[in-house]
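In full-length UniProt numbering, the protein residues as written are 1 to 210.
The hints are simulated quantities; they were obtained by calculation from the structure and are not laboratory data. Only a predicted model underlies this, so the values are computations on that prediction, with no experimental measurement involved. Careful: at least some of the hints might be erroneous.
What the hints assert, rightly or not - Straight line, CA to CA, 20 Å or less: simulated PhoX-like cross-link-like pairs of lysine-lysine:
1) 15 / 124
2) 187 / 103
3) 13 / 82
4) 15 / 122
5) 13 / 124
6) 13 / 83
7) 103 / 44
8) 136 / 82
9) 67 / 83
10) 67 / 103
11) 83 / 103
12) 15 / 82
13) 136 / 122
14) 67 / 44
15) 15 / 83
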Amino acid sequence: MSWKALDLSHIDKTKVYDPDVVDDSFLMGDTLINESGFLRNILKPTVCVEIGCGSGAVITILHEIMKGLGTDINLNALNCTKKTSSNTVETIRTDLFSGIRTKPDVVVFNPPYVVTDNEELKLKDPLVQAYAGGYKGRVVIDRFLSQLENILGPCSTLYLLLIQPNDVDEVRSILREKGIYSSIIAKRRSLIEQIFILKCSRNIQYVECC
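Turn these sequences into a full structure, and let the hints guide you.
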């Protein structure tokens, strides 16, 4: 499936993050499409979890390769994902990994990465929660990283989206301290920032191949 085949006309842009605003969702989707050979022929995953599925565009693309599970704290996003995927993607309302009871083969995360002040971070507006990252844009990212070592299995693969102010090198160092290798496999200049996709795994061959 290509992006052009997705019907995103049902998105309520007042309640769900609009993937057309920034190129991040499309970069993640394009990257995963480019990784389809690795996913199908080498990793051969059975379960993928997208943390913060939003509109459902990325997990719907991935569902062509493997069973997809979308999670989000925003109920509107989960309903939107159901519509985007024509009810083929299972969804769970949960915060990061708290509602996940198994170790997925693939984890995809486009986090709230925008640098904001702490007051904005506390707002309950679902659109703000979709982008507000606090100091260095890292508040949610760092919580995610702290939970990752209990979720990422020996052959699991993580695709993580970051921007330059998140301090990509420092994030990679934190991952390495947890025994997780990483490489930058895609980058793109958006309207506001340089966006990066990290491919991460405990298996260095998975990170280096393809």
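Q. Which numbered conditions among the earlier hints are violated in the structure presented, ordered from lowest to highest?
A. Hint check: 2, 8, 11 fail, others pass.
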